[in-house]
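Work the whole structure out from these sequences, hints included.
Residues per chain, in single letters:
Protein chains: 2
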Amino acid sequence: MKCQNYSLNRQTERENLNLNPLQRGGVLPPESRQALYEFSDGYSVCDYCAGRLDQVPRPSISGFLEDMACFINVDHVRTVHGAREGKFAVMHAICQPGDTVLVDGNAHYTSHLAAERNGLNIVEVPSSGYPEHRISPEGYRETLDELYDMGEEVSLVLLTHVDGDYGNVTDARGVGKVAHDAGIPFLLNCAYSMGRMPIDSKGWNVDFVVGSGHKSMAASGPIGILGVQDEWADLILKRSNRHEVKELEMLGCTTRGAPIATLMASLPHLIDRVDKWDVEVEKTRYFVSEMEKISGVRQIGVRPTEHDLVRFETPFFHSIADKHPRKGFYLYEELKKRNIVGIKRGQTQWFKCSVYGFSQEQVHYIAHSFAEIADKYREIGD
Amino acid sequence: MKCQNYSLNRQTERENLNLNPLQRGGVLPPESRQALYEFSDGYSVCDYCAGRLDQVPRPSISGFLEDMACFINVDHVRTVHGAREGKFAVMHAICQPGDTVLVDGNAHYTSHLAAERNGLNIVEVPSSGYPEHRISPEGYRETLDELYDMGEEVSLVLLTHVDGDYGNVTDARGVGKVAHDAGIPFLLNCAYSMGRMPIDSKGWNVDFVVGSGHKSMAASGPIGILGVQDEWADLILKRSNRHEVKELEMLGCTTRGAPIATLMASLPHLIDRVDKWDVEVEKTRYFVSEMEKISGVRQIGVRPTEHDLVRFETPFFHSIADKHPRKGFYLYEELKKRNIVGIKRGQTQWFKCSVYGFSQEQVHYIAHSFAEIADKYREIGD
Ligand SMILES: Cc1ncc(COP(=O)(O)O)c(C=O)c1O
Ligand SMILES: Cc1ncc(COP(=O)(O)O)c(C=O)c1O
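Protein chains in written order, with the working numbering: chain V, 760 to 1141; chain S, 760 to 1141.
Hints are not guaranteed to be accurate.
Because identical chains share one entry, a pair is satisfied inside a single copy or across any pair of copies.
[To be verified] DSBU-like cross-link-like pairs, simulated, lysine-lysine; straight-line CA separation at most 35 Å:
| id | residue 1 | residue 2 |
| --- | --- | --- |
| 1 | Lys1095 | Lys1052 |
| 2 | Lys1082 | Lys1095 |
| 3 | Lys761 | Lys936 |
| 4 | Lys1095 | Lys1035 |
| 5 | Lys1096 | Lys997 |
| 6 | Lys997 | Lys1103 |
| 7 | Lys997 | Lys1082 |
| 8 | Lys1095 | Lys936 |
| 9 | Lys961 | Lys1135 |
| 10 | Lys1052 | Lys1096 |
| 11 | Lys961 | Lys761 |
| 12 | Lys1035 | Lys761 |
| 13 | Lys936 | Lys1103 |
Think of the hints as simulated: they come from the structure by calculation, not from any bench.
Shown next as C-alpha cells:
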C-alpha cells in the first residue's frame, strides 16, 4: 500500500509570529530541543526503569518530580498525558458514578468531558456574564449553600485557575477556602497558569492541581502535571493489587517517552519565566492599550487583564469583512503578509490572542500591523 | 529555586548496540526525526484543528488514520497514548464494574491494570507452562466452557498477540473464532506485533485492536493505536452529550503533540518493514542458533521462535557470576566493552533480548561477543 501525503511541515507556524494563545506557552527553549533529540526514540526514558516511571534514576525523573513538587508547592507530583487526563484520574479515584462535581461557568470542555466520562453530574457556578465573565468565591459559596439546602452532596470542587476564553485569573485561594470550609476536596485546573505564573498549591488550600506541559510549560505534547497533597496520596496513587509497585490511576506509567525529557529540560526555564510574569502582564496590557486605539476594539473579560490570553471584540474589522472581496479572510491574509499568524482564518468579529514571550519590539510591531490594516480599509469599514 | 541535574542524555543507549527488546522497535527512521523537529513545540499538531484531532487536515491526521485503518484492516482508527490506554478505553466503554474479562496467562501487566482500574474481574487462560508457555485457542475454548457451566458471563476476550516474556506469537485467528462463536467481543493486544508483523484485524475476527507506537511502530512515545470495527464504533467512539463533536473515551483528543507526527512519518517505513518480517525472523533464528552453541544456553518459549524477542536461559553465564570479582555485573561490563548494551545490569541466569533491525553482520558480531565472553571465563564457569 501507498501512503497519502500528510504535509508534515509546520514552517508557517514556526517561522512567523504566532498569536494563537494555545501555542505561546508551549514553545521549546533550545535545551529542550536538545533533550528531544537525545530522547527521540520510542520508550527512551525507560532504559533504567526498575518498575516505576516516577522513580527512574537516569534521566533523573525522580529528582525532577521533587523539583516540580517544590515549584508548585505540593506534596506529590506525577506526570500525566495532559491536564484533562489529570482531572479524569482525580475524579476516577475519588468519585463514584452519579456523584456531583461543582465547576466554574468558564470551565474548559475537558473538565466537562472528564466528569462525563466518569458518569458524574456537573453543577456550575455562574460567571458574572458579559462583559467581565468573572468567577468569584462568593459564587462558589452561594451555589454550595443552595446545593446544601437541597440536600445535594458535592464530591469535588473544581476551579479553572485561568480560563481559555477570557484569560480571567480567578481567586484560587478564595475558592480554596470556600471548599475547605465546606469540607470538600478542591481541584485546581492550572492548564493556563502553571509554567506561566506562580502556583502556591498549599497556600491556596488545593488538594489536587493539574497543569499542561504542551500548553504552558514549554514542553512537547502530550504531557501534563498532576499534583496531590499527602492526605490524598493513598487514594490517587493507589497501587494495583496484583502488581504491587504499579499505580492504578497511572496504568503503571504515563509519559514513557520524549515529552517528559522536554519538560525536564524546560523546568529551569520555567522557574525563570514565572519569576518574570509581571513583565508579561505589563507587555500584554501595553498590547491591549495599543489595540484599543483601533476603532471599536475592546478587550473583554476582567480589566485590566491579568493574563496574556486576551479576547478582543473587533466590530470594525468585521464591518470590513462584509465589503471586502476576500470576505472574512482578508484579516488573516493581511496579517500573514506581515508575518503574523494564529488568528483563525475568516474570524473578524472577535478573536483571542496572546503575545506571551514576544519582545517589546515584536509586540509593538504586531499592534502596529493591526492598526495599519484598519487604516488601509478605513474607507470601506464603518 | 535551583534544579537538580537530571542527566538528560542517552548517549550510551543511542550509540551502542542495544539489545533491550523494549527499545528495538521504537527507533525512529530519519524522516521521523525530521517530523519531530518540525512538530517539537507544545500543541504542534493542533494549528488547523476544527474540534477533532482525528479530522485535522494539516498535517493530514485524517489521511493518516485512513491509511492506518487499511494497514491493520480495521474500520476505524484513533491514536491513544499507548496500548494500555487503548485497552482501558475499550473496557471502560463496553464493560461495567464487576464484569469478567478473559485474558491469556502471558498477558502484559498493563492488561491487568486496565481491567483493575475499571473494576473488572480477570479470569486467565493458562499457558502450557515451562518451557514453551504456549497459549492456544483450545485453552480459550475450555476456559469459556468452564465459565459457561458455572453460569459466569464474560464481557470481553483479550489476547496478547505476542507476549513480552517469551515472544510467543499466538493464533489470533483461532482465538478470534472461539470468541466469535461464543458471541463475546474480542480485543487483540498487538503491542509487540503491530508495526513489526502483518495484522489482519478483520480476517482474525478482531473487534478491537491496540498497538504501541513507541514499542513497535518507530514512533516517539507515548502513542498507541486503537482500531475498532464498525459494529462497535458507536460505543467506543461515543460523543459527549454536552460537547457534541468530542469523543468521550478520547477525552476530546489524545495525542496532541509530536509523537503523532513521528508515527505519521514512520508509516511508510512500517509498511516496508512489515513486508520483510520473514527476514527478521530468519535473522533471529540464526542468532538463537549461534547463541545455543554456547554451553547451556537455551531459548525458552515456542521453538523455533517466530518473533525477534527471545528469552534465553544462561546457566553457564550464571555460574561465572558466582566466582567473578564483579559478580553478576561482569556480563553487562564485558558486553559494554564490546559496545553492546540492553541486557540488564547484574542479570546472568536468563535474559530477554532482540536483534530486531540489526544487520546480519551486527547480529553475527553480537553472537560472537557472547561466545567470546563465555570462552574468556571458560575456566571459572562450570
Ligand atoms: C483551561 C484549560 N484547561 C484544560 C485544557 C486542556 O489541557 P490539556 O491538553 O493538557 O488536557 C485547556 C486547553 O486548551 C485549557 O485551556
Ligand atoms: C505485550 C505488551 N502489551 C502492552 C504493553 C504496553 O504498551 P504501552 O506502553 O503502549 O501501553 C507492552 C509493553 O511492554 C507489552 O509488551
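Which numbered conditions among the earlier hints are violated in the structure presented, ordered from lowest to highest? Checked against the structure, the hints that fail are numbers 5, 7, 8, 9 and 13, while the rest are satisfied.
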